[in-house]
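Residue numbers (the working numbering), protein chains in the order written: chain A, 239 to 604; chain B, 1389 to 1719; chain C, 223 to 487.
These are calculated hints, taken from the structure and not from any lab test. All C-beta atoms, glycine included, are put in the ideal place defined by N, C-alpha and C. A hint or two may mislead.
[Stated by the list, open to error] For each label pair, taking beta carbons as the anchor points, the in silico distance ranges come out as:
(1) 1526(B) with 414(A): 35 to 43 Å
(2) 476(C) with 1600(B): 46 to 54 Å
(3) 1493(B) with 476(C): 46 to 54 Å
[Claimed, not checked] Simulated crosslink set (DMTMM-like; lysine to aspartate or glutamate; CA at most 25 Å straight-line):
(4) 301(C) with 471(A)
(5) 1492(B) with 469(A)
(6) 456(A) with 359(C)
(7) 458(C) with 258(C)
(8) 307(C) with 280(A)
(9) 453(A) with 462(C)
(10) 483(A) with 416(C)
(11) 374(C) with 513(A)
(12) 483(A) with 364(C)
(13) 456(A) with 364(C)
(14) 453(A) with 357(C)
(15) 374(C) with 469(A)
(16) 483(A) with 377(C)
(17) 1590(B) with 1600(B)
(18) 456(A) with 354(C)
(19) 456(A) with 250(C)
(20) 417(C) with 462(C)
(21) 301(C) with 599(A)
(22) 1634(B) with 1551(B)
(23) 350(C) with 457(A)
(24) 307(C) with 472(A)
(25) 307(C) with 363(A)
(26) 295(C) with 472(A)
(27) 1690(B) with 472(A)
(28) 301(C) with 513(A)
(29) 374(C) with 440(C)
(30) 453(A) with 467(C)
(31) 1492(B) with 599(A)
(32) 301(C) with 472(A)
(33) 249(A) with 359(C)
(34) 301(C) with 363(A)
(35) 1492(B) with 363(A)
(36) 307(C) with 469(A)
(37) 1492(B) with 470(A)
(38) 442(C) with 467(C)
(39) 374(C) with 457(A)
(40) 456(A) with 258(C)
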Amino acid sequence: MKAIAWRSLPKPAQVAMMVVAVLFLFALPLLNLPIVTTPETDFGGVLFTVSVYVLVALGLNVVVGYAGLLDLGYVGFYAVGAYTVGVLGSLHGSWPWLLCVPVAVVASTISGLLLGWPTLRVRGDYLAIVTMGFGEIIRLTALNAQWLGGAPGISNVPRPPSLHLFSIPSLNWDSGVPKLDLSSTTPFLEFSVSYQVPYYWLVLAVIIVVLVFDKLVKDSRVGRAWEATREDEDAAELMGVPTFKFKLLAFAMGAFIGGLSGALFAGKQGFISPDSFMLMMSILFVAAVVVGGQGNRWGVILGAVCVAYLPERFRFLADFRVLIFGLALMALAIFRPQGLLPPRRTARVMKADKRQEVLEEGATSV
Amino acid sequence: MDFLLQNFASLTVTGIAIGAVYALVALGYTLVYGVLRLINFAHSEVFMYGTFAAVWIVKILGGHAGGSVVQTIFWLLAMLVAAMAVSGLIAIGLEFLAYRPLRKRHAPPLIALISAIGASFFLSELMGLRDRVTGLVGLDTTLGDYVSGARNNVGMPELIHPERVFPLGNYDVTSVDVLVIGGAIVMMLLLDRFVSRSRLGKGMRAVAQDAESAALMGVNRDRIIQVTFLAGGVMAGAAAVLYMLKIGATRYDAGFVLGVKAFTAAVLGGIGNLRGALLGGFVLGLAENYGSAIIPNGTAWKDVVAFVLLVVILLFRPTGILGESLGRARA
Amino acid sequence: MSESPVGDTRLLEVDHVTIRFGGVVALDDIDFHINEGEILGVIGPNGAGKTTCFNVMTGVYQATSGQVRFQGKPLVGLKRHAITKLGIARTFQNIRLFANMTALENVMVGADAHHTTGVGSAMFRLPKHRREEAEGEARARDLLRLMGIEGKGHELARNLPYGDQRRLEIARALATQPRLLCLDEPAAGFNPSEKADLMALIRRIRDDGYTVLLIEHDMKLVMGVTDRIVVLEFGKKIAEGSPAEIRDNPAVVAAYLGVDDADAS
């Protein structure tokens, strides 16, 4: 329904609406909307965390949703990206953040290729375990290797370069009506400890770029090959699809985005330690993709938002977070395995099946 | 390297002892995988609950070291019964609540894995939050000691003072070692007997090979799956007892690392293959010990050995040392 | 229809191929060939080894001994997608379409077999991507039209009626631009009128320049559309020849009808 409505709009209208949506997202932390804004933690920081999860979910979506590969060790790529920035920028060098990032994504992509090359020949459920093992190996190596900082981690990780151009005021709702608050401003662009919002803007910009490329790649031979592989790998091979090559490609692309996310994360935190990259995160990442609807980029964005935002919004439940999360996963698996926003295809299939049922019922009742 | 050679005997015996624990837990993974092609992610919690059952029963009965032979045997049996019962029940509960509904809906394996992960988190957090949870229903003061400090290690009073039984090289094999290794072997023999001789055991093998034909032959698939989970749970319960005798402490998250290692053992030996699980367990226990003796500052890297072994095995010999066998190996 | 342009070139050669699975001999010293431009039928009672033969000819199985050669080149150690690129395409006995993709997309996947667009071209919409997409889509539509299902391009493959699914599979196989098209029981589940349509379709495909290999159970169809027939029984070739020769071959008749009444006790 929604998809058809969207497509029936003329192109300029679509573009205009997207621009408005994007502007809204950028302005979000400054709008201080009631209800949405987190009461106990800095909203800009929360938005940053959420958007990093969104970026990660988009990357993992390529692996899990498009190519159909079970990856339970995605945090490994994330860690490689973060640690590359940490090592080059602080521990064994003092490279500026901007220079560390390309190296970080190359490193994570290479690790993706190295991991994928032997493991993608292994069948589905095993792949999940191997990738999980990989993620833990990365973390344990970082934990035990002194040249990677060991248990204490790496501090003084470089931040993105700042530009000091102007300051943007935020909105104040104290009096029930939004008023411009000139005392609470956010500088454009300062990447320091004091302001969380610019980091969020940076990640948001990256997300937009990734979304564009995601769509371009999905609507091409590459996307078709992934889908065919996921549907019936053997048949795809026999139709001339070099399935291994495309699976490896998906893995590498996922690793690229994972490493990029890690580099962005490190640039804001200023400090990384092995504790930031526990197995739990890989599982949360997969949960974000599955909850949202694997294979649907908007679905996984929604899933990432749920997984990252809800625990922050409902901090008072903090201790019970994981417990509830466990229950939620089970409930999701049983009652809504297709996720919150299943890919258009699954939705179409479900609708078509429903139509079929109705027709059949109609026939029998005649 | 010197360290390895000097302590070869002790490393070997302790390796076999912990390997026995891995093997028993691995049996649970391999049984479920063989019959359902499902990695029971939550099996680690089945084990963990068994360890708590073992500790608590000892505390309730007031077990201690230096008791008479009859007393000690009584306490050991109590531990065994309690742990096996609790683990078995949790395993069956898991099957019923987390997996059966998915099976009935023909859910894809990724979804089953998600459910398994969710169950695993739920169960471990439940134990880790037992103080809060019991607090919600006002039982926390009554249960006092058993639920307070829910995130902490829970130690077990020493039941058997490790006394030297016989020397092996320069290491004195203790009574605990003998008990653990002996106990494990007994359990393995019992399970082997069960799977190869009993009717239910045959049913398990049939369902593992070809569920549809088995159904056509009158095998009740649901029942067999229940029994499989129960068997795995019981083995994990026994493993929990041996673990507590050897290691002496447990925690709400003690299942995780052990679970991964046991799963590695199962894969190492050939998933779906019972004897493989046993072999894998012992190989892993030894490899861990030897490996950490060779690597300088090795104890920190002990856990890495398991993961690296897992990755390497799956890459180079995914069918494991003995190859898959409970069911048919898929191409 | 123009005359069948059967050449003398051997497109595919099955050279004394034996396949053993453990202790079972599935194919025993099978030896025959397919000429370019002909329609060859492979028949035999159930369990004769037709599907195994089919699989070894399309590179899914490796021969235990002997060799399969395509255009003179042995099909050894080649990845399956490479074999497809060489020019062998197939359909499946139990229909293996990409169920949740549309009919058009299914065929386009086949057309992609010879495309080389990669991530880079796709991401930046380079001319190569545009060209290959346009060409792929055009060819896919043409094939759908050839199969008579061009109106159903946007339907999900799983929602198509049975007959259309079979036709879609053929379209998809043709999209890979094969020289040899292998059809695995393409008429299964068809009524007589559909079978007649299928025969006409197969002839049209051959006339368009493809060579066709056919496994079928329906005698009338096989006799009616093939140029030559190979008969298998218990993994061995028991006859080879024109439809007329095969029809009158006593060994073939015995294979299908079983043991003589006199021998049965």
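Quick rundown of the hints versus the structure:
Between residue 1526(B) and residue 414(A) the CB atoms are about 42 Å apart, so this pair conforms to the stated range of 35 to 43 Å. Separated by about 35 Å at the C-beta atoms, residue 476(C) and residue 1600(B) break the suggested range of 46 to 54 Å. Checked against the given bound of 46 to 54 Å, the beta carbons of residue 1493(B) and residue 476(C), roughly 50 Å apart, stay inside it. Annotation: proposed proximity of residue 301(C) to residue 471(A) holds, straight-line Cα distance about 13 Å (limit 25 Å).
The hinted pair formed by residue 1492(B) and residue 469(A) meets the criterion: a straight-line CA distance of about 22 Å does not exceed 25 Å. Proposed proximity of residue 456(A) and residue 359(C) is supported: the alpha carbons are some 16 Å apart, at most 25 Å. Between residue 458(C) and residue 258(C) the CA atoms are separated by roughly 24 Å; this keeps the pair inside 25 Å, and the hint holds. Distance hint between residue 307(C) and residue 280(A) is unfulfilled; the C-alpha atoms sit about 57 Å from each other, more than 25 Å.
Distance hint between residue 453(A) and residue 462(C) is unfulfilled; the C-alpha atoms sit about 54 Å from each other, more than 25 Å. This hinted pair does not check out: residue 483(A) and residue 416(C) have alpha carbons roughly 39 Å apart, beyond 25 Å. For the given pair, residue 374(C) sits about 54 Å from residue 513(A) by alpha-carbon distance, which is inconsistent with the 25 Å threshold. Only pairs whose Cα atoms come within 25 Å are accepted, and residue 483(A) paired with residue 364(C) is rejected, the gap being roughly 29 Å.
Under the criterion of a C-alpha separation no larger than 25 Å, the hint pairing residue 456(A) with residue 364(C) is consistent with the structure, at around 24 Å. Taken as a hint, the residue 453(A) and residue 357(C) pair is honoured in the structure, with Cα atoms around 21 Å apart against an allowance of 25 Å. Note on residue 374(C) and residue 469(A): the hinted pairing holds, with a Cα-Cα distance of about 20 Å set against a maximum of 25 Å. Under the criterion of a C-alpha separation no larger than 25 Å, the hint pairing residue 483(A) with residue 377(C) is inconsistent with the structure, at around 29 Å.
Distance check on the hinted pair: residue 1590(B) and residue 1600(B) sit about 15 Å apart at the alpha-carbon level, within 25 Å; holds. The straight-line distance between the Cα atoms of residue 456(A) and residue 354(C) is roughly 15 Å, inside the 25 Å bound, and the hint therefore holds. Using a Cα cut-off of 25 Å, the hinted pair residue 456(A) and residue 250(C) is violated, with the two alpha carbons roughly 47 Å apart. About 24 Å separates the Cα atoms of residue 417(C) and residue 462(C), which keeps this hinted pair within 25 Å; it holds.
For the hint pairing residue 301(C) with residue 599(A), the CA-to-CA distance comes to about 47 Å; that exceeds 25 Å, so the pair is violated. For the hint linking residue 1634(B) to residue 1551(B), the alpha-carbon distance of about 13 Å falls within 25 Å, and the restraint holds. A distance of roughly 15 Å separates the Cα atoms of residue 350(C) and residue 457(A); the hinted pair therefore holds under the 25 Å criterion. Using a Cα cut-off of 25 Å, the hinted pair residue 307(C) and residue 472(A) holds, with the two alpha carbons roughly 15 Å apart.
Note on residue 307(C) and residue 363(A): the hinted pairing is violated, with a Cα-Cα distance of about 30 Å set against a maximum of 25 Å. For the hint linking residue 295(C) to residue 472(A), the alpha-carbon distance of about 23 Å falls within 25 Å, and the restraint holds. This hinted pair does not check out: residue 1690(B) and residue 472(A) have alpha carbons roughly 40 Å apart, beyond 25 Å. For a cut-off of 25 Å, the pair hint linking residue 301(C) to residue 513(A) is broken: about 43 Å separates their Cα positions.
Restraint check for residue 374(C) and residue 440(C): not satisfied, since their Cα atoms lie roughly 28 Å apart, outside the 25 Å limit. Taken as a hint, the residue 453(A) and residue 467(C) pair is broken in the structure, with Cα atoms around 58 Å apart against an allowance of 25 Å. Only pairs whose Cα atoms come within 25 Å are accepted, and residue 1492(B) paired with residue 599(A) is accepted, the gap being roughly 23 Å. Under the criterion of a C-alpha separation no larger than 25 Å, the hint pairing residue 301(C) with residue 472(A) is consistent with the structure, at around 11 Å.
About 23 Å separates the Cα atoms of residue 249(A) and residue 359(C), which keeps this hinted pair within 25 Å; it holds. Distance restraint check for residue 301(C) and residue 363(A): the Cα-Cα separation of roughly 24 Å lies within the 25 Å cut-off, and the hinted pair is therefore satisfied. Only pairs whose Cα atoms come within 25 Å are accepted, and residue 1492(B) paired with residue 363(A) is accepted, the gap being roughly 20 Å. Pair hint residue 307(C) plus residue 469(A) holds up; C-alpha atoms about 21 Å apart against a cutoff of 25 Å.
The hinted pair formed by residue 1492(B) and residue 470(A) meets the criterion: a straight-line CA distance of about 23 Å does not exceed 25 Å. Proximity of residue 442(C) to residue 467(C) is assessed by CA-CA distance (about 14 Å); at most 25 Å being required, the pair is judged to hold. For the hint linking residue 374(C) to residue 457(A), the alpha-carbon distance of about 20 Å falls within 25 Å, and the restraint holds. For the proposed pair residue 456(A) and residue 258(C), the alpha carbon gap of about 39 Å is over 25 Å, so the pair is violated.
In summary, the structure is inconsistent with hints 2, 8, 9, 10, 11, 12, 16, 19, 21, 25, 27, 28, 29, 30 and 40 from the numbered list given earlier, while agreeing with the others.
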